[in-house]
Amino acid sequence: MRARLLIAIGAILTVGAIVLSLAAWQYAATAARDAYDRLLAGGAVQIAENIYMQGGVVTLDPPAAAFATLSAYDLVFYRVTDPRGVVVAGYDDLAISAPAAALREGVVLRDGVYRDQPVRIAAVARRLDGAPGDGWSAIVLAQTLRARDSLTWDLASKAIGLIAAMSLLALVATALCLRLVFAPLTRIEAEIVRRRPDDLSPIAMTPPREVRALVGAIDGFMQRLSERITLMQRFIADATHQLRTPLAAIDAEVELLTDQTRDPKALDKLRGRIADLARLASQLLDHAMIQHRAQAPRFAATDINALAKSVLSQSVPLSLDREVSVSFVPSEGDTVIAADAISLREALANLIHNALAHGARTRLMVRVERAAAHVAIVVWDDGPGIAAEAQQHLVSPFQKGDGSHGSGLGLAIAAEVAQAHGGSLRFAGGAGDFSVRFEIPASPFARHI
Amino acid sequence: MRILLVEDTPEIGAAVTSRFERIGYAVDWEKDGRTASELIEVQTYDLIVLDVMLPNMDGFAVLKHLRKRGLRTPVLVLTARSAVDDRIGALDLGADDYLIKPFDYRELEARARALLRRAAGQSDNLLTLGPLVIDRAGRTASVAGQPLDLTRRELTVLEILAARPGRYVAKEELVEQLFSFDQDPSPNAVEQFIARLRRKLAATTVEIKTERGLGYQLHAS
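Note that the protein sequences, when read in sequence, are chains A and B.
Residues in the first sequence are numbered from 1 upward in steps of one, following my numbering.
Residues in the second sequence are numbered from 1 upward in steps of one, following my numbering.
Calculated from the structure, these hints are not laboratory results.
Just to be clear, a hint being listed does not mean it is correct.
[As the list claims (entries may be wrong)] Each computed SDA-like pair below joins lysine to any residue, with the alpha-carbon atoms no more than 25 Å apart:
| hint | chain 1 | residue 1 | chain 2 | residue 2 |
| --- | --- | --- | --- | --- |
| 1 | A | K158 | A | L145 |
| 2 | A | K265 | B | V175 |
| 3 | A | K309 | B | L93 |
From a predicted model like this one, the values you see are computed outputs, not experimental measurements.
Sequences are here, hints too, so could you generate the full structure?
Take a look at the structure:
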């Protein structure tokens, strides 16, 4: 907006300056012509006054002073013809395209070309007593334009210089003015850009009167947005809770039916479906929360060894029907990095759940690896693994593998958490030796600690 | 074993009570947060199973109050709220474990047993016998720093034996601890676990001895 205004005003000023310069040139040219025309006409009259009759012949006594003045910078040519048309002095071929009668009225001035040079020509006629014929002798005086041009240039350039200086000043003044006008807006912009996406507090600066309404409107909008977001989060949390509570009650009813039924397998199936549904509800919430957190990661010093161990101990059910050996291999040395512990816990819990639900025949291992630039949590199992062509596909939300009862959000959540940390989720190995590697950089985030 | 259950949803309360009573625990079922908090002051329990959303006083407040009074009774929190922060919050406030509703009742039973075992033994989470270290909270075990690759039930067997160094543990007690009431408890399965554990411990100085009629004993040299 500022640049657009500045360009528009600059364009107007430029056009104005060009028009003014042209006009100045015109005035300078006219002024120079008038001044030198007067001199030229004076010269012609002086020559006319210096002709006389001598022995019946028209004779010229050249006026040295007049010629000196006129020829200071220019070439001067003249011609005097007697009434019969005989050239008595000067250049034979010098002529003026004006009727002879006009010369008798007074000095006639014309532009012309003489010997390939543009010239200004003055002509006048004088009647001498005793001259032959009608007694009118014609005097033609020509002068090249050098002095006029130089005067024109001199006058015009000074005027154009002034115009340019004024235009430039006007432009600078405009820029300053725009800067002053837009300064509060620029400060507001800078403040909003600097903010974290979850910071919806009012703008801190005191705005000048002119933009107070705008700042008020922005503040009001942000407050409404903040209220909406809080409301949405509370809604998602409440919705999950509201969904879970009746599910838990239904599950409890199933539990109470257990010793009255003759078909415990059907009850187990029902229980499994309830668990799937509950898991879907919480993953939907987790997914929404992780997407929200990814926009404004809240990194804090997190010990990956301790986190992985605690998630592993919580995620493997004590009542698992299959006998799966579980081991945890911590990384040697320091694994404290800046990370969002809450989303990391969810990501890892999902990976372990997947490994137990779809992988791990007899063994599950969680290993923490620390390299110079990154920390990786590897979830290894001896299950069938994920086919290479399905891997990319399964990282997208709601995509599930064959035979999965899950929501298809588990891997998507893990992949999103990895991305939010600037890391990646990768698969390695195949059936019997499959691992998912959750890797996040350790150093680039160190400054957040 | 006396257990306090604080839960206001009737179905869940009934199901939990029924499950615990069937394995021989005495259950006091309370539906109101404040009443439960008052009850804890006058009655001693071996385990408290605590719902978070309760009338009058929420589960977190009950827990905070309990820990402020210095009571170390193990607490298992049940929550339907899954704002992940809640779970962390529960552990920070001094809960020993948590389950998210709806939960598997066999898992509830297993976790309750684990908490009761822990409370009966040492108060810290590490169980040490010679070179053998069992991290009860992390559910891992190692011998001389080398992690052992154990299933949950193998770890439970090892934990029960390690908690009573030098004493014999009857096979029946292991059966009871390893299987929930709706699973087929089989003494043969216990023998299989012991055999597998012995195999995994073969390279170490930790060994499981059998005494006919008495049970198993863990020995470390």
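Hints, one by one, checked against the model:
{"no.": "1", "hint": "K158/A <-> L145/A", "verdict": "holds, 20 Å"}
{"no.": "2", "hint": "K265/A <-> V175/B", "verdict": "holds, 23 Å"}
{"no.": "3", "hint": "K309/A <-> L93/B", "verdict": "holds, 20 Å"}
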